[in-house]
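As you go down the protein sequences, you meet chains A and B in turn.
Taken in order, the first sequence gives residues 1 to 385; the numbers are from my numbering.
Taken in order, the second sequence gives residues 386 to 528; the numbers are from my numbering.
There's no promise every hint is true.
FRET-style restraints, in silico, Cβ to Cβ [as the list claims (entries may be wrong)]:
1. B/T517 x A/L220: 40 to 48 Å
2. B/R463 x A/R369: 57 to 65 Å
3. A/L298 x B/G520: 38 to 46 Å
4. B/G494 x A/A381: 30 to 38 Å
Think of the hints as simulated: they come from the structure by calculation, not from any bench.
Note that CB positions come from ideal geometry on N, CA and C, so glycine has one too.
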Amino acid sequence: MAVENSRGVRALAAALLLLALPSTSRAVEVGDGKLSVNGYGGWAFGSTFGGNPYSLGTPDGSYDNTRLALALGARPSEHLAVHLQLSMDGSLAGLGVGFDWGFAEWKFTDGLRLRAGKVKLPFGLVMETVNVGTLRPFYSAPTGIYGHGNIGATAYQGAGVASVLVEGVDWELDGDLYGGMLETDLDEPLPVAVESTPTVSRTVRSHLLIRDALGGRLSLTNPSAGLTFMLSGYGGRLEEFSSETSAFERFRVFTGGLSAQYLSDAWLLRSEAFGTDEFDGEGEANVSCYGEVARRFLTAWQAAVRGEYFETILHGQTPSLPAFFRHQEVALALSRWFSAGFVVRVEYHVVHGNRFARPNELASDAVSRVPGWTHLALAGAQFSF
Amino acid sequence: MRIAWFHLAVATFLLAADLAAAPDDVRVIVHPGNPVEALTRDEVTRLFLHKKTAWPDGRAAIAVDQPEASPVREAFAREVLRRSPAAVVAYWQQQVFAGRDVPPPERAGDGDVVDFVRTHEGAIGYVGGAATLSGVKVVNLKD
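Work the whole structure out from these sequences, hints included.
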């Protein structure tokens, strides 16, 4: 008994010692911030119910969702900064490496900066950090605006300026203006949903280029009140290369929308609404909106709910299967934050419509059997430093 | 032997609790050669969030931070920046991953902050009320 009590006291002492030690995570820095290395990544398991794959989930369950990105920043002088980010997607098919962005920035004054290169697009609340999971209450950003729905491009190649337009006591109006070329990928609605003649339809991912683009964003922030409001948009000449037809189609395109956010220690409320429209002949318009609410409790836990709507509207055509042009989703998430840089999550999504939740290949005579409802269960972890 | 371990545990916990307790007040310090005598909270906020990176005389301003878990940093965030510590962390994560900026360098505690400010002419830092201020100047905070 005396020996057991002794061990118990030593264990208590050790536990108290451990409790007394704080833990933090921090970027790698050299030279007092002249060179910094940051990164983020994550892995998730996703399983869908109902027969359709959606997002990170498949009917058989997918473990094949690993992503890591490294961001390097160098500040060789007071006015010059250079940024670079590479991302890596690990899958059973191999390692894919992507060049997310790389640009130089010249600071004329504290309120005026010029950027040139491949720059993250200043668009909405989260496009610049769309793959950083530790900045949101769900594993992925809303599908309609930030996925492959032809609303948000991820980066521009060109030049842009970032400016503080007006500043007051604890509020600020910032502006971004850019020009150049935008790139994005679009998952097309299945051709079978428009015409009944194809015998087999396959998911077509089009690589879109928006040339001669001009865009910008206005941001009004009041940090002590936790409020952010944004107006974002861009226009240009869209060139859509279809991998199915191996041909370019060209349209004028305009995209714009509004964003609002409230952030406090306990609450996160976000809502955004965007639309895009193509002109000059047959094309399409896409509209999307979402709202999400997250609440922290017991310090390290967070519960969240999101509702989302997306619709593709074809000009001059009536789809034979309207369900393939709509996406409605409600999602729940429970997150355990071990630190600001590491979170473990479980989520459940309920989707109605087949705009994004559908088989990758479909025969014409099978379309009537595609389930209209898709359920996704997801569990994963994300980190950043 | 049991009593010794118990005393060690209690002493450690009390020491940690003392370290974790909120400081009586937070003081903003600058290099003694800096002519600035007073700053508003808004000016200090702009310096630490890198919205302002130079002093009125044109010298580069170098803000120095403390670790995220530091009670002094939490007090500084709430009392001076008027933001929650989580909001400050989220702000810097957003800036870093958007490729817009990087946070100030960190030093381990009050003593290291004082050493940094003393050896960097444009530096500005913050320390707790009990810190030894050898070779630095305290700036008056105005609303």
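Here's how the hints hold up against the structure:
no.: 1; hint: B/T517 x A/L220: 40 to 48 Å; verdict: holds (43 Å)
no.: 2; hint: B/R463 x A/R369: 57 to 65 Å; verdict: holds (58 Å)
no.: 3; hint: A/L298 x B/G520: 38 to 46 Å; verdict: holds (44 Å)
no.: 4; hint: B/G494 x A/A381: 30 to 38 Å; verdict: holds (31 Å)
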